[in-house]
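> Put chain B on the given structure of chain A with help from the hints.
Just so you know, the sequences run in chain order A and B. Residue numbering for the first sequence follows my numbering, starting at 1 and increasing by one per position. Residue numbering for the second sequence follows my numbering, starting at 1 and increasing by one per position.
Because the hints were derived from the structure by calculation, they are not lab data. In this text, all values refer to a predicted model and were calculated from it rather than measured experimentally. Heads up, the beta-carbon is just placed ideally off N, CA and C, and yes, glycines get one too. Keep in mind that the hints are not guaranteed to be accurate.
[Said to hold, decoys possible] Incomplete in silico selection of chain B near chain A, CB under 10 Å: (1) A118; (2) D120; (3) N128; (4) F131; (5) L135; (6) Y148; (7) G154; (8) G160; (9) F162; (10) G165; (11) E167; (12) T170; (13) R229; (14) K235.
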Amino acid sequence: MADKKWPGCAKSLKGVILDMCGVLYDSGEGDGVAIPGSVEAVRKLKTSDLQLRFCTNETQASREKFVAKLGRLGFDICVPEVFSPAPAVVAVLKERGLRPHLLVYDGLLPEFDTVDKTNPNCVVIGDAAEKFSYANLNDAFRVLIGLEKPLLFSLGQGRYYKETDGLKLDVGVYMKALEYACDLKAEVIGKPSPMFFQSVLNDMGLQPHEVLMIGDDLVNDVGGAQHCGMKGVQVRTGKYRPSDERHPTVATDGTVDNLAQAVDMILNQRN
Amino acid sequence: MACRKAVKAVLIDLSGTLHIEDTAVPGAQDALQRLRKAAVAVKFVTNTTKESKKNLLNRLQRLNFNVQEQEIFTSLSAARSLLVQKQHRPLLLVEDSALEDFSGIDTSEPNAVVVGLAPDHFNYQTLNKAFRMILSGAPLIAIHKARYYKRTDGLALGPGPFVTGLEYATDCKATVVGKPESTFFTQALSDVGCGPDEAVMIGDDARDDVGGAQNVGMLGILVRTGKYREGDENKINPPPHLTCNSFPDAVEHILMNLL
Numbered sequence: 001m002a003d004k005k006w007p008g009c010a011k012s013l014k015g016v017i018l019d020m021c022g023v024l025y026d027s028g029e030g031d032g033v034a035i036p037g038s039v040e041a042v043r044k045l046k047t048s049d050l051q052l053r054f055c056t057n058e059t060q061a062s063r064e065k066f067v068a069k070l071g072r073l074g075f076d077i078c079v080p081e082v083f084s085p086a087p088a089v090v091a092v093l094k095e096r097g098l099r100p101h102l103l104v105y106d107g108l109l110p111e112f113d114t115v116d117k118t119n120p121n122c123v124v125i126g127d128a129a130e131k132f133s134y135a136n137l138n139d140a141f142r143v144l145i146g147l148e149k150p151l152l153f154s155l156g157q158g159r160y161y162k163e164t165d166g167l168k169l170d171v172g173v174y175m176k177a178l179e180y181a182c183d184l185k186a187e188v189i190g191k192p193s194p195m196f197f198q199s200v201l202n203d204m205g206l207q208p209h210e211v212l213m214i215g216d217d218l219v220n221d222v223g224g225a226q227h228c229g230m231k232g233v234q235v236r237t238g239k240y241r242p243s244d245e246r247h248p249t250v251a252t253d254g255t256v257d258n259l260a261q262a263v264d265m266i267l268n269q270r271n
Numbered sequence: 001m002a003c004r005k006a007v008k009a010v011l012i013d014l015s016g017t018l019h020i021e022d023t024a025v026p027g028a029q030d031a032l033q034r035l036r037k038a039a040v041a042v043k044f045v046t047n048t049t050k051e052s053k054k055n056l057l058n059r060l061q062r063l064n065f066n067v068q069e070q071e072i073f074t075s076l077s078a079a080r081s082l083l084v085q086k087q088h089r090p091l092l093l094v095e096d097s098a099l100e101d102f103s104g105i106d107t108s109e110p111n112a113v114v115v116g117l118a119p120d121h122f123n124y125q126t127l128n129k130a131f132r133m134i135l136s137g138a139p140l141i142a143i144h145k146a147r148y149y150k151r152t153d154g155l156a157l158g159p160g161p162f163v164t165g166l167e168y169a170t171d172c173k174a175t176v177v178g179k180p181e182s183t184f185f186t187q188a189l190s191d192v193g194c195g196p197d198e199a200v201m202i203g204d205d206a207r208d209d210v211g212g213a214q215n216v217g218m219l220g221i222l223v224r225t226g227k228y229r230e231g232d233e234n235k236i237n238p239p240p241h242l243t244c245n246s247f248p249d250a251v252e253h254i255l256m257n258l259l
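If we strip away everything but chain A, and leave its shape as in the complex, we get (with noise of 0.2 Å):
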């Protein structure tokens, strides 16, 4: 009988996903900063048996930068191993055949390269910040209630989110809006949809109970992937607050300082 517990489960394991910001790094000022033994946890993954991946609600700049900017901060990390909500939703677009209206940040633009947007029978809504003025959005609800059946797609589902010059509204607040003005449900994109984790524990070609998510948001990262049956353990970094380890709804299997200290019990584990 295997051992269902952290750590021991990291026995059976053969697949880790990460979640990026406040696991790997702190955004603020420029390109942020690496979480002191990130770089090292994440290099010691890669060289292990254990297939590693990516998965961030990040939705302010193209997959592409987004990694350029972690290799600036140390990172060795390839674009492929990165899930992120625009390619998913690009996924999801294409396979319905559907023609987005994008109020997204323009950082992102590139990611919808090859996506047909003329005549537009859906609107897709990332976190767009200054961009979310109310002609863009007003543009936005004209789409929808111009549709026979109107269509949101959501790139997370946020609230707010820390920069260094205070609390931000998130795409969550923006995407609420619109329900409440078209009277519809968006389908959101990103953690902590069960199809997101999904789609890369496909590209692992992994089961759920063999793969382990390591993240700093309790509901989104931890919750979102027990609810899909993996196991979910949270690192004390990032958006981590104390009263997480109380909290009404969500149970983490492990509590750890940081990245590097669960990668090293995981490691330590298969030894």
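The following block gives chain B in isolation, referenced to the frame of chain A:
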């Protein structure tokens, strides 16, 4: 409805019902005159928050409607009374043209957020400011929560979506003062001294005009002008007392069947 009392008051929505921006609904002025000849009180109730009472009155008179200022009851009047009652100092997200209805209210070091219809203020920076205030404990007051409204260039987002977004961000509930809140309708009726079971509401918004009025026990008549869209009458339960083409038909129905 056999036991219903004869109607003594008619509440009438403005934008979308009597007029669309600067154009009167055809026949609406004459219909209002016919209604005035009957033994009913008339009150104009509106969620048109971007405009002061005086602006509204000027427009209605310019369009040849026979209306007095004291017959107009707006969600701005309702918001003002709440601010005075609670002694809040508001951050006012309302258009400049509506500010005169808040004259005399202290807005220094704001400790409350009032959201009206303010396209100029619904930008990322200002909403972030409002969001941080609410997160620090400031109450969120919504003048109303309409989803959208009709402009000459098409439909446009109302305050409701922005209020809903701020509620989601902060995990709090807004206090709504305009239609479809029941206090709004009962306040409007208390001025004319009759109960909801003796009153009718005419409007183009199925939820906010008709649904709101019917929830307090009034009859609601939905007109197919303004923001009305095919099938709106099916969006509320119970359905409207009547759905008709425009304001003159609604008046005809009242004069024929409800007095």
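> Run the structure past the numbered hints and jot down the numbers of the failing ones, going up.
none
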